[in-house]
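Novice: So you can see what is in the structure, the chains are spelled out below.
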Amino acid sequence: MRARRLALAAGASTLAIVLAACGSSGGKKSPSSTNANNNNSSSSSSSNNNNNTTSAGFNAAVDKIVNPSTKTGGTLHLGATADCDSFDPKISYYGWCLNMQRLYTRKLVDYKVVNGTKFQLAPDLATDLGQHNADFTKWTYTLKAGLKWENGTPITAKDVKYGVERDYAAAEIPGGPFSYMQNDLKAPKTYRGPYKDGDLPDTSIKVSGNTITFFLKKPDPDFNYILALPCSAPVPDKVENGSFKGSTYTKHPMSSGPYKFQSYQPGKALTLVRNTQWSQSTDDIRHPLVDSITLSIDTNPVDLDNKLESGQFDANAAGGAGGITPAFKTKLLTSPDLKKQVDDPASAASQYLPVMQTVITNVHCRRAIFYATNKASILNVYGGDTSGAIAGSMTPPGLPGYQTTKDYDPYSAGSNQTGDLAKAKSELQACGQPSGFTVNFAYPTPSNFAPKVFAVEKSALARVGIKLNPVTDDASTYYNTFIGSPSNIIKKKIGMGLAGWGADFPTNVGYYNAIANGSAIVDPGNSNYVSLNDPLVNHALDGGAKSEADWQAVNHKIMDDAVYVPLYWSKTLYYRNPRMTNVTCNNALAFGIYDFVNIGVNK
Amino acid sequence: MSLPAGELQVVSDETLIAANTGADADPENASAAIRGRSLGQIAWRRLRRDKLAMAGGIFVILLGLVAILAKPLTNWYGAFPNTVNNFPPHDLLDASTQMPIGSYGGASSTHWLGVTPEIGNDVLANLIYGTRTSLIIGLLATALAVVLGVITGVVAGYFGGFTDTALSRLFDLLLSFPTLLFSIALLAVFGDVDSFAGLSGVALRFAVIIFVLGFFNFPYIRRIIRGQVLSLREKEFVDAARSLGASNYRIMSREILPNLLGPILVYTTLAIPVNILGEAGLSFLGVGVPQGTPSWGKMLSDAGDFFTIDPTYLFAPGLALFLTVLAFNLFGDGLRDALDPKSRR
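In order, the protein sequence lines correspond to chains A and B.
Sequential numbering of the first sequence, starting at 1, is according to my numbering.
Sequential numbering of the second sequence, starting at 1001, is according to my numbering.
One should not assume that every hint holds.
As the list claims (entries may be wrong) - The calculated lysine to any residue pairs, modelled on SDA-like cross-linking and capped at a C-alpha distance of 25 Å, are:
no., chain 1, residue 1, chain 2, residue 2
1, A, Lys492, B, Ser1195
2, A, Lys467, B, Gly1286
3, A, Lys331, B, Leu1199
4, A, Lys493, B, Asp1091
5, A, Lys340, B, Asp1094
6, A, Lys458, B, Ile1151
7, A, Lys467, B, Asp1305
8, A, Lys458, B, Leu1230
9, A, Lys339, B, Thr1293
10, A, Lys492, A, Pro446
11, A, Lys425, B, His1090
12, A, Lys492, B, Phe1315
13, A, Lys331, B, Asp1094
14, A, Lys331, B, Pro1072
15, A, Lys307, B, Ser1301
16, A, Lys493, B, Asp1094
17, A, Lys458, B, Phe1162
18, A, Lys493, B, Tyr1220
19, A, Lys458, B, Asp1094
20, A, Lys458, B, Gly1292
It should be emphasised that the hints constitute simulated quantities derived from the structure, not laboratory data.
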């Protein structure tokens, strides 16, 4: 999979302020989830009737539904510090934008709240989670009856096929997590999308009436996760949305969901109103309550926080990718009344320090860095407990094979995670540089956090004689051409860097493939910054891992290779306006941002 | 700034200095004594009586001492600028908010001005080392501006004609540049340069900042100097020197330059705080001194994220910057008055 880095997810919140402020393409984030249970059949149709509800309280919406209500009407006001990367479902990749897609884009399958706590895959446009052959290379879905676009025309299987064909139109509509589909689907190598090359042949995707069959070039038991990405959603075949076609489709994507675009001024505001052609009887994932939803872009994060506090905005739609400022955070956490309106969900994302094996070739030298790193200090720079939990290894919570730091912490930095200097020194002996060495440490600027993390790591490694030199690059190019280029890493002798990663969907492949599979190494645009090319890991990611134990072995092998210093598993702080009802964190997407499509408002 | 150059020049002529230096009479009452004193002596007497200027001057000297003695000072104080205090057993920050524990930014007997949020760096230690950054850049950038300004100003004013027109138009162009934007762009470009002219790392960064500040400031002093030289070159002593066969270089350096000492001195004192503010501004914007180098501007920028919850952190660098600029300005104003024969003080 071609790199889809993601953003520094991490600590997410504030980093993104900076990114947003400079208009860079910051946090592409990807969905992540704390619940990895997948593939359970669509199970019953019941959805929100559960006893898992509550009024308010700190973290109340993390695993419960806050203020359950069936009251309809009103307007939900959302704010964000920067606009979406795109509203075209094919291009949209920021985690919070994938969440916004739920308002107007339906897919064959999507995530549904089960028992008010877990987001699991469920049929959406399709009648079930697909019929597959024995080796998972052929998937067939049947569309429900009565599905309509916002203009009243029926949603057909051909529209689904056309939506997937758009994933190949790299020239006309670049961007998005399209590479997952491209890596799976058996399509002609030369295919350049529907604008240049017309339809995909029936040997790739076969449409017959209201059924559609996907033919894959390799087995993929997790294919439903790829169909749940907005870039697999249907788009009206050939016509798209009349004059809004190709690169302008983002200005008014044709709605298949409960809301449709009323007006959109890029970079300023978006207003969504109810789509009268959508029918509740065909959709048991979405239970819309409000009449309209507004999204206002307010590029000043402090101003946005003020509007949240005053109630002018109900929530920060971008959450992790433009989250609350440190000042507002302190206010929220120190006022008992405000703290009740705060959630701090975890996500399948990690913050870590890649240690380049191409530059620091001796594994003992790398391990010295592992032991000397002061994880407690770095987590505190990012905001402490509310920003994450110290990670002992790479696999984040929610994925098969995950082990707590208590159970598995191969380079334990002591009981308070401030570094194990004795072990670091003995690794330095083993690496033949007992008095330490000098390392170039890469980080993006401008950034609120990165320079501070560098300062803290520098002071931590200095305790054993390892000296750090800063090497920086503009945040807009850092991931793509700076540490995303293996040749640049060698040229600039970058020994370490700063990075974060969130899973595009809650499976080990969705999380690890781009950052650990040797076949994912590209130049530039690499996300496997350390150029890890380990046969065991590659084999597992290419379909060899079958069980939880296999994935645990992958995690252990990556730690043995000593290429990523895991720092912490991310959590993100959100503020919810008390007038919102039916609030719950979407733990399948976007760092646990609220599931806006099901939220109502009082008053 | 306008110094009546003609009068200054007469008084400063060395041949006029008499032996009569013992008298301590008030110059306003004893005009005979004035002729007996050098310009320097007169200026110093006036300056000494200007209490504000003296206070400014003393503050500036103290600041210089702090900058020079930063290391022994912090050793004695017991805290250092880059020490991290955010983890056990020395965690000075609140676990959930990562703000300093205690009021006034966590001020205590060991951390007099508190510590920074998130990392727990000592504020006073950063302030002390920040003095060094401010003064080094402020002084060197000013020196660069003065050297460039005096050379081009004297040459343009002395030769006049085409040379003057060419130089003046060229540097007027520089005056109309969007200086701040250009500085940011230049610094950003140099951010990617690893080494240049034998410099690298922190030294290169400092050099670039000094160049940017000095280069964009020198046209101002150039204009003042040129104006002075235009009138000086018509004076009799210049004619005299020329008729004795003195070379242009000798006239400029020996006859004209000494008479420019007053304006140069005053300009220098007033330019230093401008450059200190310039450095703080660039660092505030994130294109100034590199990470790990304490700077008041960077402290202000960091503190900006937190001032609504704890303004202490903002006050320390803000006050330091304010007092420093005020002190230099008071001293500079006093100096100007002291050097101005028309001053009624």
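Novice: Holds or violated: Lys493 (chain A) with Asp1094 (chain B), Cα cutoff 25 Å?
Specialist: The given pair, whose Cα atoms are some 37 Å apart, is violated under the 25 Å limit.
Novice: So if I understand the rule, the pair passes when the alpha-carbon distance is 25 Å or less; does Lys331 (chain A) with Pro1072 (chain B) pass?
Specialist: violated, 39 Å
Novice: Between the alpha carbons of Lys458 (chain A) and Phe1162 (chain B), is the straight-line distance 25 Å or under?
Specialist: Violated, at about 57 Å.
Novice: Sort out whether Leu1199 (chain B) lies within 25 Å of Lys331 (chain A), counting only the CA atoms.
Specialist: Roughly 45 Å between the alpha carbons, so the hint for Lys331 (chain A) and Leu1199 (chain B) is violated.
Novice: Measure nothing beyond the straight line between the CA atoms of Lys307 (chain A) and Ser1301 (chain B); if it is 25 Å or shorter, mark the hint as holding.
Specialist: holds, 23 Å
Novice: Would the hint linking Lys467 (chain A) and Gly1286 (chain B) be met if the CA-CA limit is 25 Å?
Specialist: Within the cut-off at roughly 23 Å; holds.
Novice: Decide if the proposed pair is consistent with the structure: Lys340 (chain A) and Asp1094 (chain B), CA atoms, cutoff 25 Å inclusive.
Specialist: Measuring from Cα to Cα gives roughly 19 Å; hence the hint holds.
Novice: Can you confirm whether the C-alpha distance between Lys467 (chain A) and Asp1305 (chain B) stays at or below 25 Å?
Specialist: violated, 29 Å
Novice: Do the alpha carbons of Lys492 (chain A) and Pro446 (chain A) lie within 25 Å of each other, as the hint requires?
Specialist: holds, 20 Å
Novice: Decide if the proposed pair is consistent with the structure: Lys493 (chain A) and Tyr1220 (chain B), CA atoms, cutoff 25 Å inclusive.
Specialist: violated, 44 Å
Novice: Tell me if the straight-line CA distance from Lys331 (chain A) to Asp1094 (chain B) falls inside 25 Å.
Specialist: Status holds; Cα separation ~13 Å.
Novice: Check the hint pairing Lys458 (chain A) with Leu1230 (chain B) against an upper bound of 25 Å on the C-alpha distance.
Specialist: violated, 56 Å
This entry does not satisfy hints 3, 4, 6, 7, 8, 9, 12, 14, 16, 17 and 18, going by the numbered hints stated previously.
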